[in-house]
Structure formats: structure tokens, C-alpha cells
Amino acid sequence: MKIFCVIPAWNESHNIIETIQKVLNYVDFLVIVDDCSSDDTLIKAQELESAHSEKIKVLHHPINLDQGAALQTGHEYAINHGAEIIIDFDADGQFLAEEIPDIIEPLIKEDYDLVLGSRFLEKKSDIPKFKKNIIMPLAKIFNFVFFGIKTSDPQSGFRAMTVETVKKIVIENNHMAHCTEILAKAYNYKLKIKEVPITVIYKRYGQKFFGGFKIIKDLFFKKIIG
Amino acid sequence: MIQQIIALLILVFFVLKLTVQWRKKTININEFIFWLIFWLVASLLIIFIKPIDQLVINMGFSSSGINLIFYVAVLFLFYLIFKMRLKMVKMEKDITDLRRELTLKK
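If you read the sequences in order, they're chains A and B.
Numbering-wise, our numbering puts 134 at position 134 of the first sequence, and it's gapless, one number per residue.
Numbering-wise, our numbering puts 1077 at position 77 of the second sequence, and it's gapless, one number per residue.
Check each hint, because a few of them may be wrong.
[Stated by the list, open to error] Cβ-Cβ distance ranges computed for the label pairs, FRET-style: (1) A:Asn64 with B:Lys1090: 14 to 22 Å; (2) B:Met1059 with A:Lys168: 19 to 27 Å; (3) B:Met1059 with A:Phe130: 50 to 58 Å; (4) B:Lys1090 with A:Glu84: 53 to 61 Å; (5) B:Phe1034 with A:Gln21: 57 to 65 Å; (6) B:Lys1106 with A:Glu84: 21 to 29 Å; (7) B:Ile1095 with A:Ser53: 23 to 31 Å; (8) A:Ile134 with B:Glu1092: 29 to 37 Å; (9) B:Ile1081 with A:Asn64: 21 to 29 Å; (10) A:Asn64 with B:Tyr1071: 35 to 43 Å; (11) B:Met1091 with A:Lys167: 56 to 64 Å; (12) A:His81 with B:Phe1032: 45 to 53 Å.
Just so you know, the hints here were simulated from the structure itself, not pulled from any lab data.
The beta-carbon is built from N, C-alpha and C at its ideal position, and this holds for glycine as well.
Starting from the given sequences, assemble the full structure and let the hints guide the process.
Written as C-alpha cells, this is what we have:
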């Protein structure tokens, strides 16, 4: 099984090298999509690409398109270069690369189509209280009511998919609503979905309360405009 | 009467601005004609506000003609915003597709 990992990166010069080095131990190929960073993210990623050109490809968006668009660019590269399993991973070092084998195992051994990392299962993640008790429950209710999504952590960015799944789920939302979009499409296609517990180390707060409204706005317009 | 004169003066100012923009070629002839007609219609509505009031009452509405014009204007603005939103979404998609294609070709 050829395992690709897609890492969208925007202004992550402090974390990108460490993230790449850690992830590289668990995958066959790494696709970094620099989303027009204004810091040294691209240069640092390209330095590692030169040292491991057989295992790393750095793509660059000359304008900032946002995370959803960067993921889709990485997915298309992975599809065109023989990936069989594609993992989405964040560049900010919040996810643990050691948990990659856990997230791909159900795809290989149990024939699942999509595996999601969840911060709310057995493992303990140090999630900020407001986020854990207010933002996340509201996001879960919203996702369930409007899209029928029943997963414990619909906003998780750590996921693994078979290449057939990635071909079906084309991310059309450039921004942060892509998590909901992926799950909504997976439910729509009746794909086999599994959640596995993951650990998240919060270096930054991440999605804020009003960021949630932006996601709802993006999803709303997508729903009515199509 | 005085309100009508003030409103018409404001509209004259808008038409003058419009003409300046057209002369500077910041807008094309079609856009110029569209907005010119728009402001001329607005002027006519202001000039004939009394007959419009009467028309609104005859149609069975309780409010005055000017209120009805505002309601229609707000609806029209909502429609314009929606059209702009559609155009922006399409542009964003086109830019994303183009950028992605160029990124993947490199």
C-alpha cells in the first residue's frame, strides 16, 4: 500500500521541519502544499525536499487560497502519483505522527473508506475549555442537524482515506468548512467511516468562535448557491 | 416640496459623478446607460411622488408611495447582492482551478 500524506502549510516556519521529519517515518510520500506563506515555510520545506526528493514534494500556491484548497491540490497530486492511501495532517505540530499507523490500520485491515481522528474518544487531549464545552458541541449539533453527521469530532483535520474515497470527495470549499464538506459527502456516498482516538497538543487556539460563524456562512451559501 | 428639491439635487450630484466616471473610462458605456436610466427613473419617482402616493392608496396599501419605493429598492439591493455573491463564488472557483492547475504542472 502506497501511503501519501498531504500537509497544507501556511506560515508554519516554526513547525514545518519538525512536522515533516516526524511524519516522514510513517509514510511513503509526503506532499507539502505551501499556501503562499509570507514567512520561510516554503524555503524550509524546499530544503527538506532537496534532501529527500524521492519522498517529498513541495507544491506552492502563489496566492493564498486557504486550507481546503491546499488539501485538494495535495489530494490531486497524490492521486496522480499512485497513492493508495491518503492522510491529511496539519503542519502546526498539533497532531502526533506516531498515531498515523492507528489511523490507517482500519483502512487496510477492516476495509473502511474513511478514518477520522477524534479528540473526544479515549485519549486525552488538552482542549481549551471554551472550545471543548461550547464551540465543539455547537459544531456537532450544527453538523448533525444540517448534514446528518454523527461523528464525535466533525472538525478534526487528521484523517485517512483510500484513494477511491479521495477521488469521490472533491473538496470544493476553499476555507475551513472543508471538514464538514468531506464528512457530508462521505455520508452522502454511504462510505464506511470509522473514528479512532487521537491526541491533540494545542500550541495555538485554532478555530475561534467567530471562525465557526464563517464556516456556517460558507456552508450556507454553498447549500443555496450550489 | 423642499425635500423633493433636496432629493433631486442629490440625484443630480450622482449623475454628475457618473458622467465623470464614464469620461475617465472607469465604467463602460453599458454601465453608464444602466445607472443613468436608474437615476432618471428615481428622479421621475421623486417628481411624481404625489400621484404615486395616490396610486399606492388606490392599490389598498396603508403606507405612502415613498415607503413602497424604499421597500422595492431594498428588495432590488438584496437581489443585486445575491447576483454579486454568485459572481464572486464563480470567480473564486475559477481562480482556484487555475492556480491549482498551474501549481500541479510545475
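That 21 to 29 Å hint for B:Ile1081 and A:Asn64 (C-beta), does it hold up? holds (25 Å)
Is it true that B:Phe1034 and A:Gln21 lie within 57 to 65 Å of each other by Cβ? Given a distance of about 59 Å, which is inside 57 to 65 Å, the answer is holds.
Take the C-beta atom of A:Ile134 and the C-beta atom of B:Glu1092, compute their distance, and say whether it sits inside 29 to 37 Å. holds (30 Å)
For the range 21 to 29 Å, tell me whether the beta carbons of B:Lys1106 and A:Glu84 fit it or not. At 24 Å between Cβs, range holds.
B:Phe1032 and A:His81 - C-beta distance against the hinted 45 to 53 Å: holds (52 Å)
Pairwise beta carbon distance, A:Asn64 to B:Lys1090, judged against the given window 14 to 22 Å: holds (19 Å)
Between B:Met1091 and A:Lys167, does the C-beta distance stay in 56 to 64 Å? About 26 Å separates the Cβ atoms of B:Met1091 and A:Lys167, which means 56 to 64 Å is violated.
Does 53 to 61 Å hold as the CB distance between B:Lys1090 and A:Glu84, or does it fail? Cβ of B:Lys1090 to Cβ of A:Glu84: about 34 Å, so the range 53 to 61 Å is violated.
Taking 50 to 58 Å as the hint, is the beta-carbon distance of B:Met1059 and A:Phe130 inside that range? Since B:Met1059 and A:Phe130 have Cβ atoms about 53 Å apart, the given range 50 to 58 Å holds.
So does A:Asn64 sit 35 to 43 Å from B:Tyr1071, Cβ to Cβ? For B:Tyr1071 against A:Asn64, whose Cβ atoms are near 40 Å apart, the range 35 to 43 Å holds.
Distance restraint evaluation - B:Met1059, A:Lys168, Cβ atoms, bounds 19 to 27 Å: violated (54 Å)
A:Ser53 and B:Ile1095 - C-beta distance against the hinted 23 to 31 Å: holds (30 Å)
Going through the hint list in order, the structure does not satisfy hints 2, 4, 11.
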